[in-house]
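Q: Produce the complete structure using the sequences and hints provided.
Each number in our numbering comes from the position in the sequence shown (counting from 1) with 241 added on.
Keep in mind that the hints were calculated from the coordinates and are not lab data.
Just so you know, even glycine gets a beta-carbon here, dropped at the ideal spot from N, CA and C.
There could be a bad hint or two in this list.
[Unchecked claim] Pairwise CB distance ranges (calculated):
| id | residue 1 | residue 2 | range |
| --- | --- | --- | --- |
| 1 | Thr-319 | Glu-502 | 42 to 48 Å |
| 2 | Thr-561 | Asn-606 | 15 to 21 Å |
| 3 | Asp-420 | Asp-526 | 35 to 41 Å |
[What the hints assert, rightly or not] Mimicking EDC-like on lysine to aspartate or glutamate, the simulated pairs with C-alpha atoms at most 20 Å apart in a straight line are:
| id | residue 1 | residue 2 |
| --- | --- | --- |
| 4 | Lys-545 | Glu-605 |
| 5 | Lys-427 | Asp-470 |
| 6 | Lys-545 | Glu-560 |
| 7 | Lys-563 | Asp-591 |
| 8 | Lys-427 | Asp-462 |
| 9 | Lys-557 | Asp-588 |
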Amino acid sequence: MMKKTILGLIVMLLLCVSFVAADGDLDMTLTSSSLSGNPSDSVTFELTLTNGGAATINTIGITSTSLISGVNTITAPTIASVTGLANGTSTTQTYSITIPSTPAGTYVGSVTATDADNVANTDTLSYSVVVNSQDAFTLSTANLDFEEVAGRSGNEDFTITNTGSTTLTSFTITLVSADAEDEAGKIEDEDDDEITFTFAGTPTTLAPGASATVSAQAEIDEDIDFGEDYSGTITVAATGVGSVSNTMATDVTVLADICEEGKQGNSYDISIENPDSGDDYNPGDTVQIEVDIDNDDNKELETKVEVILYNLNEGKSEETVKSDEFDLNDDDSETIELELDIPSDLDEDDTYYLYVKVYESGNENDNCDYERVAIDIEREEHDVLIESVDVSPTSGLT
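A: As structure tokens, then:
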């Protein structure tokens with residue numbers, strides 16, 4: 242009886258050995274176990290998988306740990322599995338890691354290949370990614386544009402993001418006018434009236450991957466000239482291992498003083514159907530105006546529409562026309578038609594806009610909005626404006 246039991250155990254052991262051998266002997270190598278790059282670079286590793294066993298391995302799962310450097314990590318990559326690796330053959334499998342904005346250093350992880358049918362048949366290798374030292378940051382916009390009425394301040398935000406691998410410090414933000422004669426931090430008109438720029442929220446330090454929001458303010462003199470192009474360049478600079486800087490353009494549009502407190506609220510959606518931008522008119526013509534207005538508020542609004550012919554060069558209204566007050570229900574729309582007579586004595590060399598102002602009657606400080614279109618006013622060659630006639634008496638006439 243004892244002999245039979247021992248013989249049975251020997252047979253089972255041989256069967257187990259045969260089973261393991263049939264599953265194959267999995268071996269893995271890396272073409273390179275350490276690669277380097279800068280943040281945003283992609284590094285690609287190449288694995289060679291060899292089946293040294295006597296049978297095909299049906300499926301090989303490949304996984305990686307996260308890569309670690311001190312308290313910092315790079316997320317583990319996803320690696321595709323391999324199927325049908327015949328005995329005595331090899332295959333290659335690649336995987337890539339996009340280096341994030343993370344502190345410079347050597348990040349170490351491991352990659353493991355496992356026979357899905359026999360988890361004991363596995364191989365593990367260590368590998369690393371070296372993140373180079375790089376000073377880098379981005380700005381959230383390439384153009385920081387302001388639109389504001391003369392005598393007021395416009396505010397616009399932008400974001401600085403550290404996209405490098407070093408901590409950035411000593412940030413400075415400066416503005417230089419497109420006119421080289423202007424004082425730093427200011428844009429001036431021909432009369433030396435100024436648009437002065439200041440910046441709030443400038444970071445003192447910014448770690449890799451971190452962001453900071455800066456508020457830029459453009460304070461516009463009340464006597465600034467209309468119709469001018471006010472532009473400049475904003476430079477953001479910082480220090481890391483070395484120094485790094487980025488720039489963005491800025492333009493300031495000085496708006497007409499249409500709403501008493503500037504644009505207020507979000508109740509109105511305005512669409513000017515007529516005239517179209519660039520339409521031609523002569524002095525004395527009548528402009529047919531059609532505007533669609535939507536009430537995006539959740540209440541009825543007592544509404545008025547005012548159309549203003551605005552001289553951008555002079556910074557003044559040349560002619561206005563108003564609608565009667567009307568009730569505009571919530572989520573409702575209205576089409577308003579008005580006529581505006583163009584004065585006969587306009588300077589055709591000036592620039593003119595038609596402003597369509599829509600506001601809540603008696604509550605302009607809460608709900609006031611406008612849109613505008615540019616129109617061309619040109620006097621026809623045979624159109625002569627006689628401003629005065631001086632008749633002197635002739636000798637002999639009674």
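Q: Indicate, hint by hint, whether the structure satisfies it.
A: For each hint, the structure was consulted:
Between Thr-319 and Glu-502 the beta carbon distance is about 54 Å. The supplied range of 42 to 48 Å is therefore violated. Checking the proposed 15 to 21 Å range against Thr-561 and Asn-606 shows it holds: the Cβ atoms sit about 20 Å from each other. Taking 35 to 41 Å as the suggested C-beta distance range, the pair Asp-420 and Asp-526 conforms, at roughly 37 Å. For the hint linking Lys-545 to Glu-605, the alpha-carbon distance of about 10 Å falls within 20 Å, and the restraint holds.
At most 20 Å may separate the alpha-carbon atoms for a hinted pair to count; Lys-427 and Asp-470 meet this at roughly 14 Å. For a cut-off of 20 Å, the pair hint linking Lys-545 to Glu-560 stands: about 17 Å separates their Cα positions. Restraint check: the Cα-Cα separation between Lys-563 and Asp-591 comes to about 24 Å, which exceeds 20 Å; the hinted pair is violated. Taking the CA atoms of Lys-427 and Asp-462, the gap is near 11 Å; set against the 20 Å cutoff, the hint holds.
Distance hint between Lys-557 and Asp-588 is fulfilled; the C-alpha atoms sit about 13 Å from each other, no more than 20 Å.
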